[in-house]
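S.K.: Each chain is listed here by its residues.
Protein chains: 4
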Amino acid sequence: MAAFEQVVEAKGHLIDSGIMSLILDRIIEGHCTFKIERFTVGRTNEEESTTLIRIQSQNQEVLEQLLDVLVPLGCYLTQEEDARAEVAPGDAQVPDDFYSSTNHVTFVRRDGEWLPVRDQRMDAVIRLGADGACCIKLRDVRRGDQVVCGHAGIKVVPEFKDRERKEFSFMASDISSERRVFVAVRQLGELFRQTRADGGRIVAVCGPVVVHTGGVDGLCRMIRGGYVQAFLGGNAVAVHDIEHALYHTSLGVHLDTGIPAHEGHRNHMRAINFVNHYGGIVKAVEAGALRSGIMYELVKHRVPFCLAGSIRDDGPLPDTISDMIAAQGRYTELLRDADLVVILGTMLHGIGAGNMIPSSVRTICIDINPAVVTKLSDRGSSQTVGIVTDVGMFLHLLKDQL
Amino acid sequence: MAAFEQVVEAKGHLIDSGIMSLILDRIIEGHCTFKIERFTVGRTNEEESTTLIRIQSQNQEVLEQLLDVLVPLGCYLTQEEDARAEVAPGDAQVPDDFYSSTNHVTFVRRDGEWLPVRDQRMDAVIRLGADGACCIKLRDVRRGDQVVCGHAGIKVVPEFKDRERKEFSFMASDISSERRVFVAVRQLGELFRQTRADGGRIVAVCGPVVVHTGGVDGLCRMIRGGYVQAFLGGNAVAVHDIEHALYHTSLGVHLDTGIPAHEGHRNHMRAINFVNHYGGIVKAVEAGALRSGIMYELVKHRVPFCLAGSIRDDGPLPDTISDMIAAQGRYTELLRDADLVVILGTMLHGIGAGNMIPSSVRTICIDINPAVVTKLSDRGSSQTVGIVTDVGMFLHLLKDQL
Amino acid sequence: MAAFEQVVEAKGHLIDSGIMSLILDRIIEGHCTFKIERFTVGRTNEEESTTLIRIQSQNQEVLEQLLDVLVPLGCYLTQEEDARAEVAPGDAQVPDDFYSSTNHVTFVRRDGEWLPVRDQRMDAVIRLGADGACCIKLRDVRRGDQVVCGHAGIKVVPEFKDRERKEFSFMASDISSERRVFVAVRQLGELFRQTRADGGRIVAVCGPVVVHTGGVDGLCRMIRGGYVQAFLGGNAVAVHDIEHALYHTSLGVHLDTGIPAHEGHRNHMRAINFVNHYGGIVKAVEAGALRSGIMYELVKHRVPFCLAGSIRDDGPLPDTISDMIAAQGRYTELLRDADLVVILGTMLHGIGAGNMIPSSVRTICIDINPAVVTKLSDRGSSQTVGIVTDVGMFLHLLKDQL
Amino acid sequence: MAAFEQVVEAKGHLIDSGIMSLILDRIIEGHCTFKIERFTVGRTNEEESTTLIRIQSQNQEVLEQLLDVLVPLGCYLTQEEDARAEVAPGDAQVPDDFYSSTNHVTFVRRDGEWLPVRDQRMDAVIRLGADGACCIKLRDVRRGDQVVCGHAGIKVVPEFKDRERKEFSFMASDISSERRVFVAVRQLGELFRQTRADGGRIVAVCGPVVVHTGGVDGLCRMIRGGYVQAFLGGNAVAVHDIEHALYHTSLGVHLDTGIPAHEGHRNHMRAINFVNHYGGIVKAVEAGALRSGIMYELVKHRVPFCLAGSIRDDGPLPDTISDMIAAQGRYTELLRDADLVVILGTMLHGIGAGNMIPSSVRTICIDINPAVVTKLSDRGSSQTVGIVTDVGMFLHLLKDQL
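Residue numbers (this note's numbering), protein chains in the order written: chain P, 34 to 435; chain D, 34 to 435; chain H, 34 to 435; chain E, 34 to 435.
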């Protein structure tokens with residue numbers, strides 16, 4: 034007979050979201066057994082279900098490990114207990130049984146009251162303070178902070194699939210290149226318009242492939258149309274965009290004629306030298322020297338942008354933030370209150386941005402490589418909808434929808 | 034000191050085609066040494082080069098193996114000798130040292146005269162007869178046929194890169210998804226028009242992905258515009274096209290709304306049942322029952338087509354040729370005198386077609402998967418120019434060029 | 034108010050298999066609404082759940098389309114009705130509302146009795162005869178056959194995930210190259226031994242990549258150890274294996290030294306010529322001429338094999354079955370009563386085999402290309418467990434487990 | 034008649050390296066014409082060739098652009114002129130016609146003397162100073178520095194393929210997963226031993242996939258055997274290695290049993306917290322708290338390492354360098370005098386390292402994704418030899434060779 038047990042409760046669209054199935058899977062995988070004490074099923078698509086599950090194990094440690102997995106899935110302990118807060122023993126240090134956050138909406142119980150957690154993001158710790166509960170990065174923990182530990186008094190509300198179904202059915206389907214992309218173009222155009230009509234914020238996260246594949250015009254149209262409220266990328270997308278604006282090449286290929294200017298990385302270094310001369314992108318635009326392209330439109334339309342550095346950067350441009358702590362900080366600011374994040378041809382910055390946003394932010398990833406989409410989802414940004422196609426062509430077609 | 038040697042000659046655009054470099058590479062890899070006895074370089078882009086190379090080895094067998102490799106690269110023995118013909122000992126049987134053909138233009142010396150080889154294709158044997166020299170498949174060899182063996186008296190003219198440079202520069206560059214596809218669309222449109230203006234034949238080789246990705250309209254426009262002189266595919270492209278024409282789905286996905294009709298392989302079986310009812314595609318069109326789509330346009334415009342069967346086929350349709358010997362025969366007929374072969378989203382049929390055509394036939398392969406293009410080139414169809422992009426979008430854009 | 038409705042029932046591991054979630058998804062996607070009239074949940078991992086769902090629609094046709102989707106998921110109409118059988122109007126022809134089978138265990142009701150369907154496979158029709166119910170291919174339907182139509186009186190039992198969990202947990206996880214393959218090697222070795230200990234049949238489905246990547250030794254060990262009861266492939270795997278056995282090359286690369294014998298397709302044609310000389314593979318082995326390799330071991334150990342032709346074949350070998358109807362027939366025979374199917378580096382033959390087996394046959398697919406595994410699952414062989422790795426290395430390591 | 038012309042000379046293994054072919058290709062693509070005034074061919078594999086080419090154009094600008102491309106290929110102007118040095122107008126600024134370096138050995142002419150350029154790397158500028166010529170990054174240029182501009186007086190010696198041929202023939206062949214990896218394992222083992230026997234430095238550049246695929250043991254053996262003189266990576270490889278050492282999981286998957294501890298990113302955050310507690314990796318090892326794994330072995334064997342930050346990092350670890358300028362500096366230091374660079378499962382850090390080394394450094398890239406290898410080569414690190422295989426299995430097999 035199992036000596037250790039714990040009763041958990043969960044509530045929501047447990048069946049149609051697949052969450053109930055995941056919960057039971059995890060219990061079995063975790064070498065525990067279960068009894069479903071209660072299961073009240075939502076009779077219609079609108080009604081929620083609730084369940085009460087008794088979990089048993091031979092071993093307390095195994096049970097604790099299982100709870101590490103179940104709490105993020107929306108299970109909460111039925112005992113009416115407050116969350117346990119412990120004191121951080123040093124800067125950037127927390128007790129070993131700290132609660133590591135998901136990107137789902139979370140509540141923490143203090144003095145019998147369920148506090149919503151602010152700044153929700155994955156892989157953070159939850160600090161309890163005078164101002165309530167909020168997610169902070171481990172590195173921002175200061176000695177003496179009250180940090181949530183263990184599993185009691187924590188309620189996670191996993192993002193349910195419900196929403197997508199209603200309006201975004203195509204994209205919710207599998208990651209596949211063998212789907213009619215035209216439907217996706219139309220749906221994304223519609224989503225852009227609707228998001229803006231509702232006063233929402235759209236953040237574009239772009240890699241240099243946007244430039245190489247001829248997506249500059251499409252993205253510029255998006256910016257001019259007011260469909261980009263913030264732009265995130267790295268040094269490369271800006272360098273290639275400026276190279277293209279100045280010399281009509283990208284990585285040494287003439288984009289208009291397609292004639293390769295082989296070994297021609299020189300233009301790319303010339304573009305950096307050009308910007309260095311003006312002291313930055315904004316100044317180059319203001320001086321009338323840079324007159325077209327993505328970066329130009331961003332400056333002209335006062336769309337804030339952040340270029341994060343990387344180990345493979347040339348230059349970098351004066352505008353590129355070389356310090357990753359600072360760059361993550363700026364990314365986080367620009368992603369705050371985002372309603373829609375569109376990731377175009379970049380795994381690195383896409384994962385970076387995905388790490389920072391709650392799962393309630395609609396996220397679209399467009400890439401010719403199916404592995405990029407898979408990787409984003411695997412890393413926790415499971416709300417990501419992937420469209421496997423040629424990014425430049427996609428933006429070209431999208432242009433006509435805006 | 035090397036006891037065995039052979040002097041070979043080669044002629045053509047040896048340097049700018051990279052052939053000279055390949056020849057020297059192969060000699061080193063083949064554990065032989067060389068002396069370049071003569072090298073007369075073409076002084077301009079129009080002039081040819083000639084070279085005379087003395088090859089030495091410790092071992093006759095190693096030398097022979099090297100010649101197996103050099104002859105296909107355009108080297109020919111300097112001794113003025115006729116090709117050696119041997120008698121086939123049985124049906125589908127040849128002596129072990131038979132000459133295995135390349136897909137390049139080839140001449141064979143008989144009675145002091147250089148005969149052009151007809152029906153050039155790779156992996157064939159060369160039969161000498163009253164009607165001269167021609168490539169035949171090993172299976173078509175009959176006991177008593179005269180078959181070319183050894184290396185003497187054979188001249189191969191490898192396809193040089195020269196041509197592409199002049200008019201098709203973009204596509205000649207590397208296989209890469211990070212290139213501006215719009216240039217390729219424009220160039221391909223131009224190539225189509227020019228090929229037809231010159232009275233040339235265009236053969237389309239298509240996989241079902243053309244249907245799944247929304248390329249039906251584009252391909253239909255190509256057919257109606259007279260840009261398809263023959264159509265090669267398998268059972269699947271026809272089934273999915275007809276399914277789409279009848280039920281607006283493809284593999285159970287509604288292509289117009291993007292709504293997945295999951296588990297919906299039924300429509301695909303219904304489409305086969307529908308065609309079975311009429312006794313074939315042509316009859317279904319003639320009966321007015323099938324009224325749109327690729328197969329419809331092919332029938333209406335009297336474009337000959339061949340659907341080759343495969344081990345994974347459902348059905349198959351009455352029009353699908355289930356016997357591979359027969360299907361290869363029909364493919365070969367339809368590819369005869371082709372000037373341009375366009376392979377759209379199919380590795381299997383693309384390699385099949387590539388095997389049958391000489392290297393002088395311009396070949397374009399469009400696929401979202403870079404491995405498909407690489408594989409085609411690796412297997413000997415090195416004239417293939419690859420465009421890595423979304424097939425449906427590509428056809429959609431191409432439509433406006435025709 | 035919805036004018037049309039249908040009540041369906043389902044039973045089994047509805048939650049932990051994810052089936053319940055799928056059912057509700059499909060209802061919503063199908064533009065219908067539901068009420069869950071009853072849901073009795075299995076309290077433990079062993080107990081089954083049952084549910085009764087009332088589905089409503091504005092439109093009879095939409096409701097019928099939804100049932101096309103729900104019946105394969107295990108839903109059955111609650112009215113106690115026999116299945117409706119209709120007469121086939123011609124050879125290879127059935128009424129348009131025929132029931133198209135899944136690869137899951139199925140029962141059909143006749144005269145109030147639930148008959149198990151024999152020869153279960155996907156995309157077939159169900160024929161009712163004196164001998165009960167069985168799946169037959171559309172092409173095998175004869176005028177006058179009684180064929181099941183509509184949705185009444187059909188019960189499908191979708192394969193539940195339950196089984197995998199217990200013994201094969203690793204492989205059941207996502208398709209990913211970033212997983213420790215060593216665990217998979219060990220588990221597969223164990224599975225082989227256990228399958229044989231239970232008297233089970235293992236069928237290997239192999240592509241030529243097994244030879245190119247150095248997997249010959251590993252596969253030969255499998256055959257000698259009695260772990261292969263049937264071998265399915267195409268012409269290429271046999272040609273390359275025999276080429277390797279005779280000349281130690283594969284596609285012109287010396288496998289032992291890695292030195293490329295470029296342009297060296299000659300050996301591959303020599304291998305075919307060699308087999309033609311003996312009149313077939315078995316005769317070449319019996320004559321003592323072919324003395325090693327996969328084909329040799331198959332012949333020596335009297336393991337039946339089938340080589341299916343394709344449009345891209347060279348040769349083919351005398352043993353290759355060029356007619357696809359015949360090849361599918363032979364594949365089907367060799368797959369009958371298979372307990373484990375292992376697909377090694379071939380999408381074409383893997384999908385072919387997958388089409389022919391019920392979902393209860395454990396299926397493992399090993400390929401370096403993640404798309405192959407995805408494609409197999411997408412096409413309905415959802416029981417397939419994928420291992421993304423180097424096939425040759427995998428077989429090399431597996432050798433030590435047998 | 035062409036009004037503008039320039040005569041260039043080149044020397045070396047022009048034919049067998051393919052360089053001569055590239056030069057002529059670039060002239061044609063650059064819309065110029067050529068006459069080969071002289072071509073003296075190396076008669077044997079040891080002898081060099083020399084050529085003198087007269088290039089003509091209608092347009093001076095076009096001719097200059099062509100020279101931008103030809104100089105990196107080893108062409109130098111025949112006029113006996115010194116290189117032109119110009120003064121940098123500001124920090125990180127150079128004249129627009131600055132010479133942008135390749136990663137090939139380069140000489141610059143000053144006062145009639147050819148100076149070798151130190152610290153050769155791609156995309157740098159060449160500074161002339163009292164201490165001769167050296168490559169510096171654009172950002173390190175200081176106002177008043179003398180910087181090489183134009184094309185005169187610059188000689189580049191492109192890395193010839195010659196070397197690989199002799200000893201590393203296998204790997205020199207195409208990037209392909211369909212090659213026998215066992216040969217590569219043996220050759221790499223041999224190369225490691227020989228490099229060390231010659232006192233050479235081996236630098237490993239690793240991504241976290243080394244840990245996920247079970248390569249930890251193999252890499253640890255390499256470190257213990259003295260085959261790693263420096264280790265470059267990012268935050269992730271260290272975090273996952275330490276997670277694995279402490280909890281036997283990697284990204285929440287138990288590597289030994291393969292049982293997924295889903296949603297289990299907690300261990301990965303615990304590992305960071307653990308290291309934070311000790312104040313760094315070295316201190317955690319010294320305290321006896323971290324007792325196995327890659328990072329442990331590096332510390333124990335005093336192998337210097339650099340972990341470069343990125344926008345997607347969690348933590349980061351105290352040892353991770355968050356400032357990219359600093360990280361690039363440290364990478365450069367550790368890559369100085371490297372003889373062999375082995376890139377294991379990382380595109381980001383592989384490209385970063387590739388940017389910093391001259392083309393004479395042998396570079397091996399092992400990755401399951403062929404695109405990674407292609408990308409490295411495309412970006413200029415054309416000396417890179419790629420092996421497409423499972424990294425973990427490769428390291429596992431390599432272990433037995435060391």
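The hints are simulated quantities; they were obtained by calculation from the structure and are not laboratory data. Worth double-checking, as some hints may not be accurate.
[Stated by the list, open to error] Calculated cross-link-like contacts (lysine-lysine; reagent style PhoX-like; alpha-carbon spacing at most 20 angstroms):
1) H:Lys408 <-> P:Lys408
2) E:Lys68 <-> H:Lys432
3) D:Lys432 <-> P:Lys432
S.K.: Evaluate each hint against the coordinates.
M.R.: Hints, verified against the model:
no., hint, in the structure
1, H:Lys408 <-> P:Lys408, "18 angstroms, holds"
2, E:Lys68 <-> H:Lys432, "61 angstroms, violated"
3, D:Lys432 <-> P:Lys432, "18 angstroms, holds"
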